[in-house]
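Visitor: The chain contents come next:
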Amino acid sequence: MPLLEMDRVTCVFGGLRAVSGVSLHLNQGELVGLIGPNGAGKTTIFNLLTGVYAPSEGRIQFDGESLVGRAPWRINKAGIARTFQNIRLFSDMTVLDNVKIAYHNHVRHGVFSSILRLPNHFRGEREIEDKAMAFLSIFHLEGKKDEMAKNLPYGEQRRLEIARALATQPRLLLLDEPAAGMNPQETRELMELIRFIRERFSLTILLIEHDMSLVMGICERIYVLDHGTVIAQGTPEEIRSNPKVIEAYLGEVTS
Amino acid sequence: MTTFIQQLINGLSVGSIYALIALGYTMVYGIIKLINFAHGDVFMAGAFVAYFSYTGLHLGFFGSLVVSMAACAVLGVVIERFAYRPLRKSTRIAALITAIGVSLFLENAGIITVGAQARGYPNMLPDTAFNLGGVTVSTKQIGIIALTVVMMVILQYIVHRTKIGKAMRAVAYDPEAAQLMGIDVDRTISFTFAIGSALAAAAGVVYGAYYSAIDPLMGIMPGLKAFIAAVLGGIGIIPGAMVGGLVLGLIETLVQSLGFSLWRDAVAFALLILILLIKPEGLFGKHAREKV
Amino acid sequence: MTGMNANGRAAKSSRWTFWVWIAAGLVLYAVLGLLIDSGVIDSYMSLIVYQMCLNVILAVSLNLINGFTGQFSIGHAGFAGVGAYTSAVMTAKMHLPFPAALLVACVFTAFIGLLIGIPTLRLKGDYLAITTLGFGQIIQVVLINLQYVGGAAGMTVHKETNFTWLYFAALITVAVIANFVRSRHGRACIAVRENEVAAEMMGINVTYYKVLAFTIGALFAGLAGALAAHTFYFIKPTSYGFLQSFNILVIVVLGGLGSITGSILGAVVLTLITALLQDYPQWQMVIYSLILILIMIFRPQGLMGTKEFRLSSIGLGRRRDGHAAP
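Residue numbers (my numbering), protein chains in the order written: chain L, 1 to 255; chain Z, 1 to 292; chain B, 1 to 326.
Among the hints, erroneous ones may be present.
Label-pair distances were calculated between CB atoms; the ranges are [to be verified]:
no. : chain 1 : residue 1 : chain 2 : residue 2 : range
1   : B       : Ile48     : Z       : His58     : 47 to 57 Å
2   : B       : Phe111    : L       : Arg17     : 40 to 50 Å
3   : L       : Arg17     : B       : Gly125    : 25 to 35 Å
By construction, these hints were calculated from the structure, which means they are not laboratory data. For every residue, glycine included, the Cβ atom is placed at its ideal position computed from N, Cα and C.
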């Protein structure tokens with residue numbers, strides 16, 4: 001059984017079919033790319049998977065359970081995390097606190113424990129702090145832990161966003177254009193990072209990306225989206241030679 | 001039946017005042033996405049300018065109206081230039097807090113300069129009552145409704161037929177694109193404030209003539225009500241503000257005629273909350289979703 | 001691992017700093033109490049001190065909603081009104097002892113906050129602001145129309161409080177909200193303020209935390225209202241309108257949205273300004289509004305920004321590694 005399955009999902013906004021009858025699946029441990037021209041509906045698919053939008057039709061199953069109608073925070077608890085096309089860090093919080101947020105649901109101490117400073121508050125907070133610190137060091141950000149997130153250089157902001165998403169301990173990670181705005185050197189480092197976290201956390205990853213070298217370089221399978229529908233799928237080699245894909249991209253260039 | 005028609009006419013008169021104020025709210029919101037809290041106080045300033053032009057300078061009704069509209073247009077532009085423009089890049093909440101600050105400033109500066117007590121408004125409009133089959137209509141009421149309709153027509157003409165109107169619509173739609181198309185965004189925003197404030201001034205004059213008394217805090221309630229009217233019609237939509245104002249005027253008159261006048265303000269706010277919760281885009285608005 | 005050691009130290013030090021702050025609070029209490037008892041702070045000045053305590057409660061609780069959780073409420077005085085009237089009914093009509101009345105007032109105001117918060121907190125930014133303003137107005141209109149509590153004329157209650165009541169109420173408010181803010185719950189609230197969508201995707205139940213912050217804020221506003229009613233022993237609906245909400249907002253903005261020590265500082269400063277200008281109320285409002293506009297234009301983060309005054313910044317306390325301030 002695939003880990004994630006979208007079955008004929010349609011999403012309509014006021015007459016506009018942003019996503020139309022899309023079916024796709026991800027098997028446990030796969031790294032899959034989602035590409036397509038601007039406005040093809042890629043981010044909408046992420047928003048559907050994470051509960052930001054509700055599908056008008058169709059099923060979405062994660063690990064055998066339906067995600068339709070679930071709130072985003074419940075979907076995260078179920079094991080899906082994501083990053084955003086336009087980075088959405090908690091800018092006025094420190095790097096450490098950004099990661100600490102991810103452990104919110106991993107400790108139990110309640111509001112009263114915290115207000116009365118009961119022992120389990122200190123235990124819980126310490127656990128969060130230790131875990132977050134350990135996590136920051138994996139991403140080589142421990143030296144910047146007290147820095148405000150907004151003050152990090154762009155590449156590190158991307159890295160922090162991925163770290164933060166991973167700290168929620170997801171099984172499926174959705175990356176929305178992680179290489180956007182990066183130079184070739186940074187993109188290569190990002191590729192390494194993606195390979196590394198995939199091994200280390202035995203993740204399944206769905207990746208939206210415009211940078212073809214990155215997508216073709218690391219993805220095992222690719223879905224191509226155009227005008228809200230899947231127009232092709234297959235291995236990087238198959239996609240490269242698919243006439244429909246070439247047309248969709250050339251169409252974008254000429255229009 | 002006659003009572004109903006009577007209330008209808010009373011409601012339309014009050015509603016016209018709300019509509020005139022609501023137009024300014026909605027235009028400003030449409031263009032810079034700011035709830036201009038000070039708008040109700042510009043309305044107050046308009047009433048006072050006309051009061052002094054009429055009693056001190058003997059300019060007559062139309063002369064006072066024009067002077068007051070011109071003065072408030074300048075006031076609106078000044079407020080935008082010095083209080084709101086520096087904040088255009090900051091958060092909307094910062095701009096909202098500033099608007100509240102400007103509002104309180106105008107109210108209390110008003111108290112300091114003209115005193116807190118209410119003063120009688122001169123009878124600027126002829127006040128003859130006609131009796132049409134049991135329904136009393138005064139020339140004041142006819143004047144108010146006629147004035148509102150005229151203002152509305154002029155506004156529609158400006159927004160849809162003139163170059164500056166096109167610029168206003170373009171900036172409201174997408175300020176950055178408008179700028180790239182060579183539109184002077186700052187000037188367009190100033191112009192929007194000028195028009196909106198002039199309309200508020202007209203409403204202030206009309207209000208004074210209708211209720212025969214003005215004071216520096218008179219703008220608070222009508223300002224808030226006009227905001228409700230703008231939301232009711234769909235904020236940012238000009239005809240929506242007009243309809244929203246009239247509807248709110250009618251509802252209030254209805255509540256009052258049913259003997260619940262003490263609850264009138266509560267009903268208006270309850271209406272606001274209901275709209276925001278059920279149909280925040282208003283009667284005429286389109287639903288916009290946040291981009292993620 | 002060195003990281004572990006540093007963290008251990010941070011946790012211990014945050015446990016320690018909490019008690020230092022409490023001790024400092026008690027010392028301040030003793031000093032102020034002594035000055036009041038000995039007459040150095042005369043009865044007029046002690047009223048100013050009372051008002052400071054009340055403003056601290058109102059400002060810190062509003063800051064939790066506006067500053068930390070980023071939900072813009074401008075109807076806070078309405079909650080104070082609910083607390084004032086509830087407690088007044090309890091003592092003057094039901095003849096309940098004052099502490100019980102205080103408790104009922106807090107719980108009931110929190111309940112009203114919950115009731116208002118659940119539907120309205122779906123709204124954002126200026127729409128939420130205008131809705132809270134609307135609710136504040138509705139509460140006022142309801143009070144005016146309730147003849148049972150004297151309608152527009154207001155009602156008289158007994159004086160039940162003294163400096164100790166007000167001071168400890170303020171101290172408890174600050175301690176509770178500071179402890180809340182510096183926990184995973186407070187972090188969740190701040191994350192909601194920073195980026196709602198991202199917070200939700202990190203597994204934060206955004207609605208829960210918005211409503212929680214709103215309810216806690218309302219509870220303490222109710223406390224302040226109840227205490228004020230039994231300090232100045234006369235209440236009327238117009239004391240809980242938009243202008244009063246605005247005053248609290250000015251304190252919070254002046255001190256810095258998201259800074260508790262900022263709110264305390266703001267409350268002290270603005271209470272003094274109010275007292276100095278009390279014979280010229282309109283000048284007071286002109287100055288308030290100018291302060292507000294100028295802060296927004298030139299220092300939108302307020303006096304303290306989101307920073308806190310820390311013990312370490314005056315040489316007290318150890319240098320800390322963690323972020324759990326103060």
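Visitor: Against each hint, give a clear statement of whether it holds in the structure.
Guide: Results for each hint:
no.	hint	verdict
1	B/Ile48 / Z/His58: 47 to 57 Å	50 Å, holds
2	B/Phe111 / L/Arg17: 40 to 50 Å	45 Å, holds
3	L/Arg17 / B/Gly125: 25 to 35 Å	30 Å, holds
In the structure shown, no violation is registered for any of the earlier numbered hints.
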